[in-house]
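Build out the structure end to end from the sequences listed, making use of the hints.
Taking our numbering, the leading residue of the sequence shown gets 25, the next gets one more, and so forth.
No lab work stands behind these hints: they were computed from the structure. Quick caveat, the model's predicted, so the values are computed rather than measured. Don't take every hint at face value.
As the list claims (entries may be wrong) - Below are the SDA-like pairs computed for lysine to any residue, each with C-alpha atoms no more than 20 Å apart in a straight line:
no., residue 1, residue 2
1, Lys144, Thr214
2, Lys144, Leu207
3, Lys144, Arg87
Stated by the list, open to error - Ranges between beta-carbon positions, derived for each pair:
no., residue 1, residue 2, range
4, Gly285, Pro103, 42 to 48 Å
5, Arg184, Thr127, 42 to 48 Å
6, Arg211, Thr243, 18 to 24 Å
Ideal placement from N, C-alpha and C gives every residue a C-beta, glycine not left out.
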Amino acid sequence: MSRVWNCAIFAFWALATGLLVREKVLPALLEQYYPTYASTMRRLQEEDYVMGIFLAGQSGERRIGSSATSVATFVVERPGDTAFALRNETAIDLSALGMALGTDLTMRTTTLLDSFHHVKSYDALLRTGLGDFVLNGVVRSEHSMDIMVTSPLQNDPDRRTIYFDNAMALSNGLSPFQSPESLAIGRSWTIHRIDPLSAVFGAEVKTLAMTALVDRRETIQIAGVPFDAFVVIVRGDRYQATAWISEDGDILQERVPFGPGGLPLVMRRLEAPGKRR
Numbered sequence: 025m026s027r028v029w030n031c032a033i034f035a036f037w038a039l040a041t042g043l044l045v046r047e048k049v050l051p052a053l054l055e056q057y058y059p060t061y062a063s064t065m066r067r068l069q070e071e072d073y074v075m076g077i078f079l080a081g082q083s084g085e086r087r088i089g090s091s092a093t094s095v096a097t098f099v100v101e102r103p104g105d106t107a108f109a110l111r112n113e114t115a116i117d118l119s120a121l122g123m124a125l126g127t128d129l130t131m132r133t134t135t136l137l138d139s140f141h142h143v144k145s146y147d148a149l150l151r152t153g154l155g156d157f158v159l160n161g162v163v164r165s166e167h168s169m170d171i172m173v174t175s176p177l178q179n180d181p182d183r184r185t186i187y188f189d190n191a192m193a194l195s196n197g198l199s200p201f202q203s204p205e206s207l208a209i210g211r212s213w214t215i216h217r218i219d220p221l222s223a224v225f226g227a228e229v230k231t232l233a234m235t236a237l238v239d240r241r242e243t244i245q246i247a248g249v250p251f252d253a254f255v256v257i258v259r260g261d262r263y264q265a266t267a268w269i270s271e272d273g274d275i276l277q278e279r280v281p282f283g284p285g286g287l288p289l290v291m292r293r294l295e296a297p298g299k300r301r
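Following this line, the structure appears as structure tokens:
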């Protein structure tokens, strides 16, 4: 009887340990070492996140747009259910860039995440002078997403499968960055980028795996407040972006390429982080 009891205790301990590792330890490790959406969700629930978009010229910077990010939460009954909706709306005055796609471009993206902060779906709407471009993506496995692209330039929707790691971060609006929980010079990680603008400027929508590297530290000013920031560089196939991220993980400023020529735009927080709702 004691042997059966010991086996039962061991089985219970093993099951409890396994659940602890899966439900607590593993997500905590992923949150610490990979750029999941966990820290982003917490920050967006505490404060508004709006960045101005600027075009740098010889006479200084000129604001040409804005990018606002927000999050909605849902009641979760099972771990794999949708828990968060991460939304971004980016607006740019295209006439200021000399582009003949109308006077402005509006891009809205919605990323649905489960309670483990894994991507479940990704939708994007691009409103241009040519019409509306719509991308709808549904995750089918840990490494694949089925997408459908509807374009005013094509009669029939374009359907295909693209591949990425749904435990990693997808780009949000123009920004490829979701900051990790901790930063240190020399640390690197992978970002998977879906670029909705490729539906307008490119032949196809695809996912690019890029490498982010914490390169150095610099002091920058945000709304007159100095911040000691980590400089993170993202490099991919014919793509490079830079972010200045605070010690607390707030993305303060980004320099991102835009359009077919990779025109560099600066995205900067309009208010210093820390202003709670």
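42 to 48 Å as the expected CB spacing between Thr127 and Arg184, which holds or is violated
violated, 31 Å
Does the Cβ pair Arg211, Thr243 satisfy 18 to 24 Å?
Holds - the Cβ-Cβ distance for Arg211 and Thr243, about 20 Å, lies within 18 to 24 Å.
Pair hint outcome, Lys144 versus Leu207 [Cα-Cα no greater than 20 Å]
violated, 27 Å
Please verify whether Lys144 and Thr214 have alpha carbons no more than 20 Å apart.
holds, 19 Å
Is the straight-line distance between the alpha-carbon of Lys144 and that of Arg87 20 Å or less?
violated, 34 Å
Hint says 42 to 48 Å; check whether the CB-CB distance for Gly285 and Pro103 agrees.
At roughly 44 Å between Cβ atoms, Pro103 and Gly285 fall inside 42 to 48 Å, so the hint holds.
Of the hints listed earlier, those the structure fails to meet are numbers 2, 3 and 5, in rising order.
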